[in-house]
Amino acid sequence: MHILLVEDDESLYNLYSTEFDLNGHTVSWHKVGTGVVDKIKEENPDVILLDIMLPEKTGLEVLKDIKKNPDTSNIPVIMLTNFGTQDNVHEAINNGAEDFIMKHNVVPEEIVEKVTNIVNG
Amino acid sequence: MDSDTRKKEEFISLMVHELRAPLSIIHSSADILIRHEKDLPDSKKEQLLKEVKLASEGMLDIVNDLLDTSKINSGKFEITREPNNIREVVNGQVALFSNFAAQSGHTFKVEISDKIPEKLLFDKERIAHVLGNLISNAIKFSRGGDITIKVVPFDGYVKISVQDFGVGIAKKEQKYLFQKFKQVSRPVDSKQKGTGLGLVVAKGIVDLHGGDIGVISKQNKGSTFWFTLPM
Numbered sequence: 001m002h003i004l005l006v007e008d009d010e011s012l013y014n015l016y017s018t019e020f021d022l023n024g025h026t027v028s029w030h031k032v033g034t035g036v037v038d039k040i041k042e043e044n045p046d047v048i049l050l051d052i053m054l055p056e057k058t059g060l061e062v063l064k065d066i067k068k069n070p071d072t073s074n075i076p077v078i079m080l081t082n083f084g085t086q087d088n089v090h091e092a093i094n095n096g097a098e099d100f101i102m103k104h105n106v107v108p109e110e111i112v113e114k115v116t117n118i119v120n121g
Numbered sequence: 001m002d003s004d005t006r007k008k009e010e011f012i013s014l015m016v017h018e019l020r021a022p023l024s025i026i027h028s029s030a031d032i033l034i035r036h037e038k039d040l041p042d043s044k045k046e047q048l049l050k051e052v053k054l055a056s057e058g059m060l061d062i063v064n065d066l067l068d069t070s071k072i073n074s075g076k077f078e079i080t081r082e083p084n085n086i087r088e089v090v091n092g093q094v095a096l097f098s099n100f101a102a103q104s105g106h107t108f109k110v111e112i113s114d115k116i117p118e119k120l121l122f123d124k125e126r127i128a129h130v131l132g133n134l135i136s137n138a139i140k141f142s143r144g145g146d147i148t149i150k151v152v153p154f155d156g157y158v159k160i161s162v163q164d165f166g167v168g169i170a171k172k173e174q175k176y177l178f179q180k181f182k183q184v185s186r187p188v189d190s191k192q193k194g195t196g197l198g199l200v201v202a203k204g205i206v207d208l209h210g211g212d213i214g215v216i217s218k219q220n221k222g223s224t225f226w227f228t229l230p231m
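Chains as they are written, first to last, in our numbering: chain A, 1 to 121; chain B, 1 to 231.
You can trust all of the hints, since none of them are fake.
Simulated crosslink set (DSSO-like; lysine-lysine; CA at most 30 Å straight-line):
hint, chain 1, residue 1, chain 2, residue 2
1, B, K45, A, K114
2, A, K31, B, K218
3, B, K221, B, K172
4, B, K218, A, K57
5, B, K38, A, K114
6, B, K140, A, K31
7, B, K119, B, K159
8, B, K171, A, K57
9, A, K39, A, K67
10, B, K150, B, K119
11, A, K31, B, K53
12, B, K124, B, K159
13, A, K41, A, K64
14, B, K44, A, K39
15, B, K109, A, K31
16, B, K140, A, K57
17, A, K31, B, K44
18, A, K114, B, K44
19, B, K140, A, K39
20, B, K76, B, K8
21, A, K114, B, K50
By construction, these hints were calculated from the structure, which means they are not laboratory data.
The task is simple: from the sequences and hints, build the whole structure.
Written as structure tokens, this is what we have:
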């Protein structure tokens, strides 16, 4: 499985990519909210992990861009959220996100498990 | 709920969030290190240990600021005023933050007036903490560009200022910056990090020196944080 992680926190990238890598998956990293659709076309990921709070463009805006583009709309998007962003989560789900992960509530192992379950249906 | 109680609730919520994020990094790193001890290459182990160190340092800073705030509020915070050279403090802090600044595309400009006396009476460690806090904020809240640090004489005082060209601060929020429990002006889900306690501690330290602290700021233009020390 190939994952595109859109997240500006390098520590989280290091943790997630290590865990996914150890489970036989690959992770590409994009740090800002702009240019995500182009990155998806380039990488062709199986799933996108998208932070809700990003520099330059919010995760919700990025989600809408992904879902309105026929080349990217079918790729499952899982939102990464912080404590205090529950309102945005509902909006994300209404706009086509598959699910959400409260990133500071889970260890990377649980994220791998959840992403694998979603991608494998 | 009255306004003060609401502010305290918001403050506690922010503290929880600020502590929880690095704690989660420490927990996750330890979890990976324990479960994959045999599969992980040494370079990855080292990287995860660095994450633990960085996150724990961040937590330590928050806890120290909380302790200092508590001491300032109860009048138990102490300083030792001795003859010290402010130039050494400025140059020391610039050197300390040079890597962090370079990584985020910032360049320091330092201007120290020749009219500043060789020695001033101040607590070197505490004043370095104040200046370090202002420099760190300038780096965090501006995207690249110059950060100018000036030391000039000012009406019987020495004025030390740190100017950035960052996001700036709305006028109505500026008065709360140095007040305990009131510095929260952003939601906990904001991308901007930090507790704001650093400025409360900075004010406490500058007050004990008999100086003043303040900010001149315009939204989207930048901020100049300054403080004074008696000459």
